[in-house]
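Here the structure of chain A is known, so what remains is to put chain B in place on it, guided by the hints.
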Amino acid sequence: QVTLKESGPVLVTPTETLTLTCTVSGFSLSNAAMGVSWIRQPPGKALEWLAHIFSNDEKSHNTSLRTRLTISKDTSNRQVVLTMTNMDSVDTATYFCARILLNSVFDIWGQGTVVTVSS
Amino acid sequence: QSALTQPASVSESPGQSITISCTGTSSDVGSYNLVSWYQQHPGKAPKLMIYEVSKRPSGVSNRFSGSKSGNTASLTISGLQAEDEADYYCCSYAGSGTYVFGTGTKVTVL
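Protein chains in written order, with our numbering: chain A, 1 to 119; chain B, 1001 to 1110.
One chain only, chain A, in its complex shape (with noise of 0.2 Å):
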């Protein structure tokens, strides 16, 4: 069975950077077939595709966040990074983690994380 769980710090102070850490199981990070993206929803908003990674160390970013952005992984322990420097407000979200296919289709999709960002 494939899953994916997001784990990270809840409350995050403006100005700080962020660290997220996403766990696999049923599946490898080594698979040239498939990837893990990060994918943020604030509340009562739509759903915003942040990053991803691949098997070969792909990675590509959203254009809008691409400097505050970083995206990496650890095969051995199963997990994918993301950082997000300069936390402000309006980044207080779900962030979410979910596999990604080289058809350009994510199938697979984590519980989420809620991340608020405030002093």
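Please keep in mind that the hints were generated in silico from the structure rather than gathered at the bench. This structure is a prediction, so every number in the text was calculated from the model and none was measured. Among the hints, a few may not be true.
[What the hints assert, rightly or not] Below are the DSS-like pairs computed for lysine-lysine, each with C-alpha atoms no more than 27 Å apart in a straight line: (1) Lys1044/B to Lys1055/B; (2) Lys45/A to Lys1068/B; (3) Lys1106/B to Lys1047/B; (4) Lys1068/B to Lys1106/B; (5) Lys5/A to Lys59/A; (6) Lys5/A to Lys1047/B; (7) Lys1106/B to Lys1044/B; (8) Lys45/A to Lys1047/B; (9) Lys1055/B to Lys1106/B; (10) Lys45/A to Lys5/A; (11) Lys45/A to Lys1044/B; (12) Lys45/A to Lys59/A; (13) Lys1106/B to Lys45/A; (14) Lys1068/B to Lys1047/B; (15) Lys1106/B to Lys59/A; (16) Lys1044/B to Lys5/A; (17) Lys1055/B to Lys1068/B.
[Stated by the list, open to error] Some chain B residues close to chain A (C-beta under 7 Å, calculated; not the full set): (18) Gln1001; (19) Leu1034; (20) Ser1036; (21) Ala1045; (22) Pro1046; (23) Val1053; (24) Tyr1089; (25) Gly1097; (26) Tyr1099; (27) Phe1101.
Quick reminder that beta carbons are idealized off the backbone N, C-alpha and C, glycines included.
The following block gives chain B in isolation, referenced to the frame of chain A:
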């Protein structure tokens, strides 16, 4: 990367059909047959319903279908059921390894 445009809400009675549009540009929806649709119930993670414009994953009801014409993709739900009441989001590949989601549509079953 502007969000794809969807109607904010659609309502219909049980048993009827609805169609949700998803309008992008020639740089995303119009250029790639890589449009997917996701269903999201309140407080839950999104669920894949349609991929590559019109393909259904195993386990998804055949009441859900997808299509595309030009820069606009569409999701049709036929034989509307109470359980279909949810938010629906389209998503398109936008080139250079990037993706863009739609603004979301709230479906209400009257």
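inquiry  = Just to be careful: measuring from the Cβ of valine 1053/B to every Cβ in chain A, is the smallest value less than 7 Å?
reply    = 11 Å, violated
request  = Would you check whether tyrosine 1099/B satisfies its interface hint, that is, whether its CB is within less than 7 Å of any CB in chain A?
outcome  = Cβ of tyrosine 1099/B sits 4 Å from chain A, so the hint holds.
Restraint check, 7 Å cut-off on beta carbons, for leucine 1034/B near chain A = 4 Å, holds
message = Just to be careful, I want the Cα atoms of lysine 45/A and lysine 5/A compared with a cutoff of 27 Å; is the pair within it?
response = 22 Å, holds
query = Between lysine 45/A and lysine 59/A, does the CA-CA distance stay at or below 27 Å?
reply = Distance ~26 Å between lysine 45/A and lysine 59/A Cα, so the pair holds.
query = Are the Cα atoms of lysine 1068/B and lysine 1047/B separated by 27 Å or less?
reply = Holds - the C-alpha atoms of lysine 1047/B and lysine 1068/B are around 20 Å apart, at most 27 Å.
query = Can phenylalanine 1101/B be said to touch chain A, with a Cβ gap under 7 Å?
reply = 4 Å, holds
request  = Against chain A, run the beta carbon of tyrosine 1089/B and see if the smallest gap drops under 7 Å.
outcome  = 5 Å, holds
task = Would you check the hint for lysine 1106/B and lysine 1047/B, treating anything up to 27 Å between C-alpha atoms as holding?
result = 15 Å, holds
message = What's the verdict on lysine 45/A and lysine 1044/B, does the C-alpha distance respect the 27 Å limit or exceed it?
response = 14 Å, holds
task = For the pair supplied as a hint, lysine 1106/B and lysine 1044/B, confirm whether the alpha-carbon distance does not exceed 27 Å.
result = Holds, because 14 Å separates the two Cα atoms, which is no more than 27 Å.
ask   = Within a Cα-Cα threshold of 27 Å, do lysine 5/A and lysine 1047/B meet the stated pairing?
value = 15 Å, holds
When the structure is compared with the earlier hints, violations turn up for hints 15, 23 and for no others.
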